[in-house]
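Participant: The opening residue of the sequence shown carries number 75 in the numbering used here; numbering runs sequentially from there.
Please note that the accuracy of each hint is not assured.
[Claimed, not checked] Cβ-Cβ distance ranges computed for the label pairs, FRET-style: (1) Leu188 x Ser104: 51 to 61 Å; (2) Lys310 x Val228: 23 to 33 Å; (3) Ala338 x Pro237: 17 to 27 Å; (4) Pro93 x Arg305: 52 to 62 Å; (5) Gln239 x Ala126: 23 to 33 Å; (6) Val209 x Ala126: 44 to 54 Å; (7) His227 x Leu315: 53 to 63 Å; (8) Ala126 x Glu182: 20 to 30 Å; (9) Leu129 x Ala207: 22 to 32 Å; (10) Gln239 x Ser79: 16 to 26 Å.
Keep in mind the hints are simulated off the structure, nothing from the lab. Even glycine gets a Cβ: it sits at the ideal position worked out from N, Cα and C.
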Amino acid sequence: MNPLSPYRGTIQYIYGNWPAYLLTYLWIVSAVFLMGISLQQGWLGFIPLTLAALLITVYFFLASLWSAHQQFDPGGLRPHHMLFNMGRIHPDETIAVIDLGLRTQAIELARRLLTGQVMVIDVYNPQWTTSRALVRWRSRLPEPPDDPRLTWHVGEFGLLPLPDQSVTAVILCQVLSEFWQEGDRLRLIQEAYRILKPNGRLLLAERTRTGTNWLISGPLTLQLPTDQYWRDLITKAGFHLRTERDLQGVLHCYHAEKLTPEQARQLALELPFEG
75 MNPLSPYRGT
85 IQYIYGNWPA
95 YLLTYLWIVS
105 AVFLMGISLQ
115 QGWLGFIPLT
125 LAALLITVYF
135 FLASLWSAHQ
145 QFDPGGLRPH
155 HMLFNMGRIH
165 PDETIAVIDL
175 GLRTQAIELA
185 RRLLTGQVMV
195 IDVYNPQWTT
205 SRALVRWRSR
215 LPEPPDDPRL
225 TWHVGEFGLL
235 PLPDQSVTAV
245 ILCQVLSEFW
255 QEGDRLRLIQ
265 EAYRILKPNG
275 RLLLAERTRT
285 GTNWLISGPL
295 TLQLPTDQYW
305 RDLITKAGFH
315 LRTERDLQGV
325 LHCYHAEKLT
335 PEQARQLALE
345 LPFEG
């Protein structure tokens with residue numbers, strides 16, 4: 075794969091999900107063949123139904139490619155860069171990027187730092203993150219660059235390999251949804267809370283149950299949590315939600331902060347405080 079291709083993220087996504095794309099392609103070819111046979115044999119009753127099924131399949135096939143382009147290509151929504159901007163991260167900060175071993179987003183974010191550090195934590199575990207697409211995706215990982223701004227770690231969702239209050243921001247870009255159990259997701263956010271300094275930022279992006287995602291995925295969108303679900307999970311972990319940003323209905327971004335003890339007391343008493 076060309077590392078400079080503007081569609082490298084989509085290509086990687088197709089590779090990770092190739093069984094589904096192969097079956098879709100075979101169905102499209104079979105539907106076209108069936109319509110040809112029906113015309114030849116005079117089975118006109120089969121044509122409208124087959125044509126309708128074909129058009130629906132092609133629509134969702136193209137919609138999934140558009141969604142992959144928006145999520146993963148350099149010319150798309152670039153959610154990790156949106157999170158970086160929402161957190162107003164300075165080029166000399168030390169931040170953590172919790173990843174599933176895919177590396178690309180962390181490498182891109184490190185290029186935005188000068189003297190800062192990106193602590194990349196791979197929390198992949200086949201027992202908890204069971205997606206076969208993720209396994210295939212990880213098999214085509216880019217080599218870690220020789221960049222002093224990047225530090226690579228392997229950890230568990232329940233115990234990140236960083237000390238308490240050691241970073242100013244934690245970025246989780248489409249990571250939590252790979253954990254199927256809510257308790258695992260909450261535990262990971264709580265670990266992010268532990269390693270954050272007071273006033274540290276949690277920056278999170280996930281797909282949610284929106285009208286756009288209904289158009290992209292159809293009934294499969296029911297598997298996606300609502301945006302309120304992520305709000306509740308963030309606040310349950312102890313964070314104070316600051317801002318949100320919707321990215322064309324494909325992804326939803328959240329910026330939350332770890333309050334100081336004084337700020338937490340003021341919030342509990344419903345007193346104003348400076349953010």
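Participant: None of the hints should be skipped; say for each whether it holds.
Facilitator: Here is what the structure says about each hint:
Here the CB-CB span from leucine 188 to serine 104 is close to 55 Å, well matched to the stated 51 to 61 Å. Between lysine 310 and valine 228, the C-beta spacing of about 27 Å keeps the proposed range 23 to 33 Å intact. Hint check: alanine 338 to proline 237, Cβ distance near 21 Å, so the stated range 17 to 27 Å holds. Restraint check, proline 93 to arginine 305: a C-beta distance of roughly 34 Å breaks the suggested window 52 to 62 Å.
With their beta carbons about 58 Å apart, glutamine 239 and alanine 126 fall outside the hinted range of 23 to 33 Å. Look at valine 209 against alanine 126: about 35 Å separates their beta carbons, and that is not inside 44 to 54 Å. Checked against the hint of 53 to 63 Å, the C-beta distance between histidine 227 and leucine 315 comes to roughly 27 Å, which is inconsistent with it. The given range of 20 to 30 Å is broken by alanine 126 and glutamate 182, whose C-beta atoms sit roughly 42 Å from each other.
At roughly 26 Å, the beta carbons of leucine 129 and alanine 207 sit within the given window of 22 to 32 Å. With their beta carbons about 40 Å apart, glutamine 239 and serine 79 fall outside the hinted range of 16 to 26 Å.
Going down the numbered hints, you'll see the structure goes against 4, 5, 6, 7, 8, 10, while the others check out.
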